[in-house]
Amino acid sequence: MKLEDLAAVAARVAATAARSEKISTLAELLAAAPVEVAQQATVLLSGELPGGRIGIGPRSLVDALESTAPHSTATLEVTELLRVVAEVRGTAGTGSGRRRQELLESLLARATAPERDFTARLLLGELRQGALAGVMVEALARAGGRDPALVRRALMLSGDLQAVARAVLVGDDTALDAFRVALFRPLQPMLAQPAADLDEAWGRIPAPRAAVELKIDGARVQVHRQDGEVRVYSRSLRDVTASVPEITELATRLPGRETILDGECYAHRDGAPLPFQVTMRRFGRRLDVDALRRELPLQVRFFDCLLVDGSELVDAPLRARWQALDALLPPENEIEREALSELSQADAFLRRALAAGHEGLMWKDLESTYEAGSRGYAWLKVKSAHTLDLVVLAAEWGSGRRRGFLSNLHLGARDPAGDFGPVGGFVMLGKTFKGLTDEVLRWQTGRMLELETRREGHVVWVRPELVVEIACNNIQESPQYPSRMALRFARVKGYRPDKEAAHASTVAEVRRLFDAERDVGPVTQRPTQRQEESDDA
Numbered sequence: 005m006k007l008e009d010l011a012a013v014a015a016r017v018a019a020t021a022a023r024s025e026k027i028s029t030l031a032e033l034l035a036a037a038p039v040e041v042a043q044q045a046t047v048l049l050s051g052e053l054p055g056g057r058i059g060i061g062p063r064s065l066v067d068a069l070e071s072t073a074p075h076s077t078a079t080l081e082v083t084e085l086l087r088v089v090a091e092v093r094g095t096a097g098t099g100s101g102r103r104r105q106e107l108l109e110s111l112l113a114r115a116t117a118p119e120r121d122f123t124a125r126l127l128l129g130e131l132r133q134g135a136l137a138g139v140m141v142e143a144l145a146r147a148g149g150r151d152p153a154l155v156r157r158a159l160m161l162s163g164d165l166q167a168v169a170r171a172v173l174v175g176d177d178t179a180l181d182a183f184r185v186a187l188f189r190p191l192q193p194m195l196a197q198p199a200a201d202l203d204e205a206w207g208r209i210p211a212p213r214a215a216v217e218l219k220i221d222g223a224r225v226q227v228h229r230q231d232g233e234v235r236v237y238s239r240s241l242r243d244v245t246a247s248v249p250e251i252t253e254l255a256t257r258l259p260g261r262e263t264i265l266d267g268e269c270y271a272h273r274d275g276a277p278l279p280f281q282v283t284m285r286r287f288g289r290r291l292d293v294d295a296l297r298r299e300l301p302l303q304v305r306f307f308d309c310l311l312v313d314g315s316e317l318v319d320a321p322l323r324a325r326w327q328a329l330d331a332l333l334p335p336e337n338e339i340e341r342e343a344l345s346e347l348s349q350a351d352a353f354l355r356r357a358l359a360a361g362h363e364g365l366m367w368k369d370l371e372s373t374y375e376a377g378s379r380g381y382a383w384l385k386v387k388s389a390h391t392l393d394l395v396v397l398a399a400e401w402g403s404g405r406r407r408g409f410l411s412n413l414h415l416g417a418r419d420p421a422g423d424f425g426p427v428g429g430f431v432m433l434g435k436t437f438k439g440l441t442d443e444v445l446r447w448q449t450g451r452m453l454e455l456e457t458r459r460e461g462h463v464v465w466v467r468p469e470l471v472v473e474i475a476c477n478n479i480q481e482s483p484q485y486p487s488r489m490a491l492r493f494a495r496v497k498g499y500r501p502d503k504e505a506a507h508a509s510t511v512a513e514v515r516r517l518f519d520a521e522r523d524v525g526p527v528t529q530r531p532t533q534r535q536e537e538s539d540d541a
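Numbering (this note's numbering), first residue to last: 5 to 541.
Don't read these hints as lab results, they were simulated from the structure.
Positions of the beta carbon are idealized from the N, C-alpha and C atoms, including for glycine.
Any given hint could be a false lead.
[Said to hold, decoys possible] Calculated lysine to aspartate or glutamate pairs in the DMTMM-like style (CA-CA distance at most 25 Å, straight line):
| hint | residue 1 | residue 2 |
| --- | --- | --- |
| 1 | Lys435 | Glu473 |
| 2 | Lys6 | Asp151 |
| 3 | Lys6 | Glu130 |
| 4 | Lys503 | Glu250 |
| 5 | Lys385 | Glu375 |
| 6 | Lys387 | Glu336 |
| 7 | Lys435 | Glu460 |
[Stated by the list, open to error] Pairwise CB distance ranges, derived in the manner of DEER restraints:
| hint | residue 1 | residue 2 | range |
| --- | --- | --- | --- |
| 8 | Glu460 | Arg57 | 44 to 52 Å |
| 9 | Arg451 | Ser388 | 24 to 32 Å |
| 10 | Gly56 | Gln230 | 24 to 32 Å |
| 11 | Gly425 | Gly59 | 23 to 31 Å |
| 12 | Asp151 | Ala113 | 40 to 48 Å |
Build the full structure now, drawing on both the sequences and the hints.
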């Protein structure tokens, strides 16, 4: 397949807001391509590189673009792009920087203008043309004549889009059934929707299905054990085993041979939980782990069991998965939880959680299955104040004692449907400089300058990659922003290096909190093309 064909499809997908058109365009390409090429195209058109990012920064890319000119004729194949990517990734040692730059320049010198644009955005992780995982799953299923639900499940369990694409395009439904829960292949974690308050949570999941758990301000961990071998994975599925020996030691003491557990760990002092940012000091450290362990000991609490001795539990109801936990763990390593028969129990539970220094509570459906990678309404989170995971869009140079530092953050929520701008973009909800320590100011200034895309006066715009947890008193109406919503009394709780921008809060979540506070209809918004089509029908 020519690279120009891939670039042209990406441009067509970006140019339409209609989900059905995106799916048709992508499915047509995948169905017509050879299987091996279709596998690669599936990953690339999702905005990813096989094997992940290759460490090419914006400065290197700008230099390569400026030192070369677009080629007049399209000659590049997709396989050539992937070959260069693999070679850049494998280049190391003395002179590797120069060699990587030469490879990049050689590739771009043979690319036409559309191919250069596609390649540059792909290498920087900015290929947001709306072909995100949900759209690509639908397109892949259509191209292979498969049930989208089966394709979606296979991707959730494996996290390997290229392998799923091959199963769809060359196999049958039994090939998709082969994607099962497997030890040492981490699952994408199930996620929760925010609820405005206990009343909303009760309305969505009432008794006898309702149960509550502690909402801990910790780091998500997924623990896989087979006999004496243990691996611990972070929320982003990174192997952090070497950094958390306390968890490894606990896992090796558990009964049985095989387990996969989902939980939270947090640093503590005399049993009292420390903030998330303190806990994250334990992750990624491979040196001086013993010293850091003494300084910041970890406590782990598990809330789910996904596999035990060969039995998959992801399709079992939560109450059955809790029973499996009870059989495996000592009480001090299980999350505190309680089934509800009346709303007053939840109110008392929330008060105890907050008094103990925790964030709030999780509200769960006892009949729900484990939906890997999904953020649905089977799990809800209720906190004492609204907290949102937002993306930093820009920052302003500070004044006074903050002179020389990027301080005031411009914050945005994800807009996957393109209701207020480009599909897959971000909608600004406000600014804040509150809650930033001197240490964080220094760090964020350096990091944002690495992510800088342009400047407008005292504002530095950055690639939307940094996720920051923001607390606010409420969401207020504001004509200043496209969504007509803004954060009130926003302050920084901390950066979330464990989360990617693709997992940040959506503008729909923010709107739901806004509506719940006022008990009014939805905020007026510009209709999407899909809504207009529906209205016309």
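Against the structure, the hints come out as follows:
Between Lys435 and Glu473 the CA atoms are separated by roughly 13 Å; this keeps the pair inside 25 Å, and the hint holds. For the proposed pair Lys6 and Asp151, the alpha carbon gap of about 29 Å is over 25 Å, so the pair is violated. Straight-line distance between C-alpha atoms of Lys6 and Glu130 comes to about 21 Å, which keeps the hinted pair within the 25 Å bound. About 23 Å separates the Cα atoms of Lys503 and Glu250, which keeps this hinted pair within 25 Å; it holds.
Between the alpha carbons of Lys385 and Glu375 the distance comes to roughly 16 Å, so the proposed pair stays at or under 25 Å and holds. Straight-line distance between C-alpha atoms of Lys387 and Glu336 comes to about 23 Å, which keeps the hinted pair within the 25 Å bound. Among the hinted pairs, Lys435 with Glu460 is consistent with the structure: their alpha-carbon atoms are about 16 Å apart, no more than 25 Å. Look at Glu460 against Arg57: about 27 Å separates their beta carbons, and that is not inside 44 to 52 Å.
A beta carbon spacing of about 29 Å between Arg451 and Ser388 agrees with the range 24 to 32 Å that was offered as a hint. Taken as a hint, the range 24 to 32 Å holds for the pair Gly56 and Gln230, whose Cβ atoms sit roughly 26 Å apart. Between Gly425 and Gly59 the beta carbons are some 30 Å apart, a value that agrees with the proposed interval 23 to 31 Å. In this structure the supplied range 40 to 48 Å holds for Asp151 paired with Ala113, their Cβ-Cβ distance being about 44 Å.
Taken one by one, the earlier hints fail for this structure at numbers 2, 8, listed in ascending order.
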